[in-house]
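**Q** So the chains spell out like this:
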Amino acid sequence: MNRSVDVAIVGAGPAGICAAIETARRGARVLVIDENHTPGGQLFKQIHKFFGSARHRAGVRGIEIGRELVDSAVKAGAEFLTDSAALGVFPGPRLAVNVGNEEAIAVSAKRILLATGATENAVSFPGWTLPGVMGAGAAQTMLNVNRVLPGNRILMIGSGNVGLVVSYQLLQGGAAVLAVIEAAPRVGGYAVHANKIARAGVEILTSHVVTEARGVDRVTSAQVAKVDDRWTPIKGTEREFEVDAICIATGLNAMTELARMAGCRIVHLRELGGYTPWHDRRMCTSLPEIYVAGDAAGVEEASSAMEKGRIAGISILEDLGFIAPCDAQTERDDLWKSLEALRQGPFGNTVRRGYDRLFGDESRCSSCTSAHRGEDFMVGSAPRKAPGYPSDTRLAKGPVAVIECTQEIPCNPCESACARHAITVGDPITSLPRLDEDKCNGCGRCIAYCSGLAIITIDAAYSDTEALMGFPYEFLPCPNKGDEVSLVDRLGKPIARGRVMRVTKPMDGTRVVYAVAPKELIHDIRGIKWQAGGESQ
Amino acid sequence: MSDSKESCLVCRCEELTEDEIRQAIREGCTTLTAIKRRTRAGMGLCQGRTCQRLILAILAQETGQDVAELVPDTSRFPVRPIRAELVGDLRDGEDS
Amino acid sequence: MRVPDHPILGSAPAAEKVVIEVDGRKIEAIRGEPIAAALMANGILVNRYTAKRREPRGVFCGIGRCTDCMMIVNGIPNTRTCITAVEEGMVIQTQRGKGDVR
Chain A
217 MNRSVDVAIV GAGPAGICAA IETARRGARV LVIDENHTPG GQLFKQIHKF FGSARHRAGV
277 RGIEIGRELV DSAVKAGAEF LTDSAALGVF PGPRLAVNVG NEEAIAVSAK RILLATGATE
337 NAVSFPGWTL PGVMGAGAAQ TMLNVNRVLP GNRILMIGSG NVGLVVSYQL LQGGAAVLAV
397 IEAAPRVGGY AVHANKIARA GVEILTSHVV TEARGVDRVT SAQVAKVDDR WTPIKGTERE
457 FEVDAICIAT GLNAMTELAR MAGCRIVHLR ELGGYTPWHD RRMCTSLPEI YVAGDAAGVE
517 EASSAMEKGR IAGISILEDL GFIAPCDAQT ERDDLWKSLE ALRQGPFGNT VRRGYDRLFG
577 DESRCSSCTS AHRGEDFMVG SAPRKAPGYP SDTRLAKGPV AVIECTQEIP CNPCESACAR
637 HAITVGDPIT SLPRLDEDKC NGCGRCIAYC SGLAIITIDA AYSDTEALMG FPYEFLPCPN
697 KGDEVSLVDR LGKPIARGRV MRVTKPMDGT RVVYAVAPKE LIHDIRGIKW QAGGESQ
Chain B
1132 MSDSKESCLV CRCEELTEDE IRQAIREGCT TLTAIKRRTR AGMGLCQGRT CQRLILAILA
1192 QETGQDVAEL VPDTSRFPVR PIRAELVGDL RDGEDS
Chain C
276 MRVPDHPILG SAPAAEKVVI EVDGRKIEAI RGEPIAAALM ANGILVNRYT AKRREPRGVF
336 CGIGRCTDCM MIVNGIPNTR TCITAVEEGM VIQTQRGKGD VR
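Protein sequence lines, in the order shown, are assigned to chains A, B and C. Just add 216 to wherever you are in the first sequence, counting from 1, and you've got my numbering. Just add 1131 to wherever you are in the second sequence, counting from 1, and you've got my numbering. Just add 275 to wherever you are in the third sequence, counting from 1, and you've got my numbering.
For reference, chain A alone in the conformation it holds in the complex (with noise of 0.2 angstroms):
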């Protein structure tokens, strides 16, 4: 049956819901339109707690986030038609549509936004077309839609956030993750990510790259080897692993099969991901009756993708008389402000520099004033100069929390998880956590509040030799009160050994595990790891 509405959104990612949402609550008649059978994008398969700040769900689980813009876009008033592929745009706007493989229809649209999201890239390397290789989504898939593991000894390419994150959700799933392959210098996510693995004897291997996959019906080993500053393999450098699955996650790039097909202008902006639909600060493309919106306008984040569709979502109002230009442009201008807080630190430069260069604001100034992402990180480095480190006097004191976020990213969960206010961010939200010693009372519930899962609690009052460390955990098996427990340094090697003298209930899925250990290495000791509960090998 045809349909006639005001806006048809492809896509009911974060972008397309929050843009649903906008124009909805507004009276307009809106359809969201999706190939997959559950609506949220890539929101479902996301177990992990997101950043940002409260507005943009900050601390909340991504599987949370989805069901909960889901249920306002239908508050809202509308409407989804999910199992549903957008086959192609065409004059009126019109929309094709294959409902659920039975019916194909025409949507008749005054607006079509398209949030369709982003796409993996591949890199191919001898025997990528192994069963057993496959894209780093279609494990997170997998694993945290379908409970099912793809592997049991898993290498992971690319060391960028969903490398870094997937490898967390596979070590969660229990498999054993050797390695994260990385051909660049740098590790490309960010360092609390890649710490959450490091620690649990995760190795990353930066300026590497897989240089066979080998096996015969399925991959049975891989080969890596280091490369020069040509991304040349070294001869003598190659090391074997033993693996069941390789894992690749090198990077999205938007998806503009529909934006192509309709005629809309394309440019190549390798920050953004790659091609683009060409668009202005109202998110609309050189069509105008065509907008864009999420990773769909330029590969970023969750966050940005609900601040995107929302723009969209305002300027198809304004286009439709639904609000006053004036009203647009103000709440346009308030939604940028959050985007660009969003891109403040390094992890934004890059994309802050594409969006420049799409709106001919070349001129801005791109640099950032703190150290560059890469040159100040190092997987498992000693950051006592995170700001607030606890003093030794303090230590000595009793209970206090420890804050291991020396990166500026964009989250703020910490600054609300305390009582005592004893944790401030501030703004930009991508300053780093600062905490007040004489504050803090070393209560631990900022630890399980922590998105990237840095914050440890340590009594050095506890005993003369010993402290009672805090640690977030979340794997299975869980340790008991009275189990003893091998105590890791950031690197995920065992230093020492510690009994378990309490574990609490999990708060929203993290549990807080305390251990004693020697006084001496409190300054080392960074996680705990119990029998097979997250362990690399």
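Since the hints were made in silico from the structure, they are not lab data. There may be inaccurate statements among the hints.
Covered stretches of chain C (chain A as the covering partner; in silico rule of three or more C-beta atoms under 8 angstroms from a C-beta of chain A) [said to hold, decoys possible]:
{"#": "1", "segment": "316–324"}
{"#": "2", "segment": "333–343"}
Derived contacts from chain B toward chain A, CB cut-off under 8 angstroms, selection only [claimed, not checked]:
{"#": "3", "residue": "S1135"}
{"#": "4", "residue": "P1209"}
{"#": "5", "residue": "V1218"}
By construction, the Cβ of each residue, glycine as well, lies at the ideal position given by its N, Cα and C atoms.
Following the hints, complete the assembly by docking chains B and C onto the known chain A.
**A** Below, chains B and C without anything else, positioned relative to chain A:
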């Protein structure tokens, strides 16, 4: 399966190696469309979704251009699979 | 390998099992899960062999775009198993080469 990097597959669907793609470029196929017509790269069931980016990188390298200067492939209806018998449902001029 | 207990997802909900046939062998699956997941859970990673080089392929993109996971399902070839749900009594075969147009 001990291939070198050059003889490993680039187009998974049509089973074309990097060597074959480079050969086509050297023989004069200097656009994505030309490579496609000569080799069938990008014509398989995934319609270039996996290989297009890889081929563009090879093309850029072989011709000394920046990837940004190359033109992506044309995107045509339908961009997702649809049973042939349903296509007839989409008639011009029909409104709900 | 299935993950019955997960630190974040919790315990697997009670699921309705179905029996499907894969290359003549009966295996247990969970109603509604993608065929590729059921096969992977049972250790089956090869979905098809290619036309030219007769090489094995399995799940690659996992979202229905690369077509490497295709198998013959209830007689219909080129069925993307990563996005097709299992049903009781489904007959699945490893596809060799291109499908036959019926």
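**Q** Now tell me if each hint is right for this structure.
**A** Hints, verified against the model:
Note: the segment 316–324 of chain C has 4 residues with beta-carbon separation from chain A under 8 angstroms; the three-residue rule is met and the coverage holds. Only residues whose beta carbon comes within less than 8 angstroms of a beta carbon in chain A count, and the segment 333–343 of chain C has 9; three or more means the coverage holds. Of the supplied interface hints, the one on S1135/B holds, with its beta-carbon coming within about 7 angstroms of a beta-carbon of chain A, less than 8 angstroms. Proximity of P1209/B to chain A holds as hinted, the smallest CB-CB distance being about 4 angstroms (cut-off 8 angstroms).
Residue-level restraint check for V1218/B holds (minimum Cβ-Cβ distance to chain A is 6 angstroms; threshold 8 angstroms).
Comparing the model with each numbered hint stated earlier shows that all of them hold.
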